[in-house]
Amino acid sequence: MKKYIIQSIRLSLVLLVLLCIIYPISIAIAAKLSNGNGGGEKIYKNGKVVGYALLGQSFPQPQYFLGRPSAIGYNAAGSGGSNKGPSNPDYLAVISARIDTVLKYNPSLKRKDIPADLVTASGSGLDPDISEQAAIIQIKRIAAYRKIDERKIAELVVKYTDRPLLGILGPKRVNVLKLNLALDELK
Amino acid sequence: MNTEFIGIIATFFITVAIAIPLGKYLAKVFAGEKVWTDFLKPIETLIYKLSGINVKEQMDWKKHLKVLLLINSIWIIYGFFILLYQDKLPFNPDGNPGMPADLAFNTIISFVANCNLQHYSGETGVSYLTQQFVLMFLQFVSAATGIAAAIVLFKAFREKTATNLGNFWEFFVRSITRLLLPLSVVVALILTFNGTPASYEGKDQFISLQGDTINVSRGPAAQMIAIKHLGTNGGGYFGANSSHPFENPNYLTNMVEMIAQTIIPMAMVICFGYFIRRKKLGYTIFGVMTIGMLLLMIPTLHSELGGNPQLAKMGIAQHTGAMEGKEVRFGPAATAYWSTLTTVISTGSVNGMHDSTMPLTGLWQLLGMMVNGFYGGCGVGILNYFIYLIIAVFISGLMVGRTPEFLGHKVEAREVKIASIITLLSPFLILAGTAISTYVFTAHGDVAWSTEPKAWLNNPSFHGFSEMLYEVTSSNANNGSGFEGLSDNNAFWNVLTGIIIFLGRFLPIIGPVAIAGLLAKKKFIPESAGTLKTDTKTFALMTFAVIMVLNALSYFPALALGPIAEYFTMLK
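The listed protein sequences derive, respectively, from chains A and B. Under this note's numbering, the first sequence has 272 at position 101, and the numbering climbs by one with no breaks. Under this note's numbering, the second sequence has 705 at position 558, and the numbering climbs by one with no breaks.
In short, the hints are calculated from the structure, not lab data. A hint or two may mislead.
[As the list claims (entries may be wrong)] One-sided and incomplete, this derived list gives chain A residues near chain B with beta-carbon spacing under 10 Å: (1) S197; (2) R239; (3) L263; (4) P278; (5) S279; (6) D300; (7) I301; (8) L352.
[What the hints assert, rightly or not] Estimated spans, in silico, between C-beta atoms of each pair: (9) A:I177 - B:T678: 56 to 64 Å; (10) A:K203 - B:A638: 42 to 50 Å; (11) A:I177 - B:L700: 41 to 49 Å; (12) B:A157 - A:A325: 29 to 37 Å; (13) A:V329 - B:S608: 52 to 60 Å; (14) B:K235 - A:I177: 52 to 60 Å; (15) A:V329 - B:V642: 53 to 61 Å; (16) B:L708 - A:K203: 52 to 60 Å.
All values derive from a computational prediction rather than experimental measurement. Note that beta-carbon positions come from the ideal geometry of N, C-alpha and C, so glycine has one too.
Sequences and hints are given; from them, build the entire structure.
This is how it looks when you write it as structure tokens:
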């Protein structure tokens, strides 16, 4: 018995060195070669960090593309979804109110034009993307607010729409932060 | 065909294409035959030397279990104290507090047991020291424990009659050096080059385009996310698990994480067949498991891709499916695929919030965890399935009026008794646990605890019941996913689920290993015309029927009160 206790403790110590020091530090060193040096890829504007490429931000103003609703207000110190069940009456009331808001800011839209991702909260609360459809339906509003030709904004949306992996795997998506930054550059 | 479908079909076939050769490789590794990774032998020899281990020492099944339980208890004690005092220990750049005793109890049991139910949130609840030296460490060693236990069982059926079943330390160390660690390096590198943080920097702060000051939690995440999937642990670095853009940056990493969590459980089944020199049996079991998994996955896809009927009534478009709690970069198809995998296998990581999935999706998730043997967790999946096999052998034996035999050994009263106890354990823990919690919720809702029981649930009515049922089921299955709306970080849930996880982990390891050990000692009976063949389609169907009947009888009433009732009320 005593023999096995000592073996267990010694083996655990050896494995702690291998698995908790050698392995993670080697990966951390290799990560220095990646975009963002293993600390997350940052996005700069005029030399200042304005965000992380992978983390969504809140864009409440009508001249920007609106991202998805977030249960945590895009506060990246934490993360999480609404965890509301599909039949919860309070939840359905919230969705209904969000649809009304979208319709108010985009009066030309019909309900069937609104894709679900624009009125439902993401799982992480930090979803950086919206669907292609969610971007397209906002073009008209943004063009009106910014007094820019709709076609120019539509071109931008096409440019910032990420294709599926290898062209065939997974959904299309649009990174909202990158699109909005490009929008500000547009003359 | 749409790209979301092609994505999941491709993922499935890549997974199988990796798992089958991996299974053959594992059979060779554990049989001590020549393999291309033998260049790692010096590292293993060094580990044995530093630990004072003689791998030539042969152990019988009792000694295997003794050593297994011993080293697991040492990890429980070690981790418990680090969790309690992490605020006073180094590597805590975000200044997170020490855990209260009940939370530390729950967390340590949960990680030792390969469950990874998390009642804390990674960003605010643990230090970097805890993340790496306790949680990630346990993700490696708990997976290796499961694999080593399965190999002990395999060993029992390799030779005709055997008392000595190899050396536990050797199986355990090889699981790490030949399987978990090398694959973790590969997966961690893929993740970090796609944007997952891997460095030791603390929180970052920046001013957003809108002028808000935003803090960003970071840290050495890629290393942990690799092993959390390969080891079917599921405990994420960040609170939102693999739906967090840092844990799972894009569709490629999503595929990699889905493949990573499936290959070892699949490979273990193939390994079983090759290791005991009955590869047809391995493929037969693999077939039953795959059919079972698909029978859960196809209706899941159907219910998620159809969208939320209540939102459809509001007139909006759900072209791709239900989106609440899901991420745009994965889409509903890949999220539904993941939700089935993570529940049939005991991973429990999520790339979308299960609490917000459709009622019938919740039903299939719960059923996947209740069966807990369609692939199942690292090593323990095949152990769970072994119990179903023994029950199926026994019932078939009764049906044809012969003494039941399994792989040339008579299955007698003692073995069947053990199998029955293990079979009854899951319904007992799940139903009793749910009963206790619903009782406290309804009869003592106002008790002055830190969280009043009546405030536990995030959703009313049947869905609220499902939240409690899910929590208990996930604990018993050592799954670790949750209907996260439940307020589970309080003494009641921490203690209840801690106990269930512990029993749900170790008894289903002890039972199958004991049965295998007892069978292996018995005289070998050569196959004759009257032998029940276990690698035929008929017997496969029999096992499948046993699984269906046992689980349907045990859980249908509880499921009817939760997801099924919610489904029918939503149709109105």
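Each hint, compared with the structure:
no.	hint	verdict
1	S197	8 Å, holds
2	R239	7 Å, holds
3	L263	6 Å, holds
4	P278	16 Å, violated
5	S279	16 Å, violated
6	D300	4 Å, holds
7	I301	6 Å, holds
8	L352	7 Å, holds
9	A:I177 - B:T678: 56 to 64 Å	46 Å, violated
10	A:K203 - B:A638: 42 to 50 Å	44 Å, holds
11	A:I177 - B:L700: 41 to 49 Å	47 Å, holds
12	B:A157 - A:A325: 29 to 37 Å	31 Å, holds
13	A:V329 - B:S608: 52 to 60 Å	45 Å, violated
14	B:K235 - A:I177: 52 to 60 Å	28 Å, violated
15	A:V329 - B:V642: 53 to 61 Å	56 Å, holds
16	B:L708 - A:K203: 52 to 60 Å	53 Å, holds
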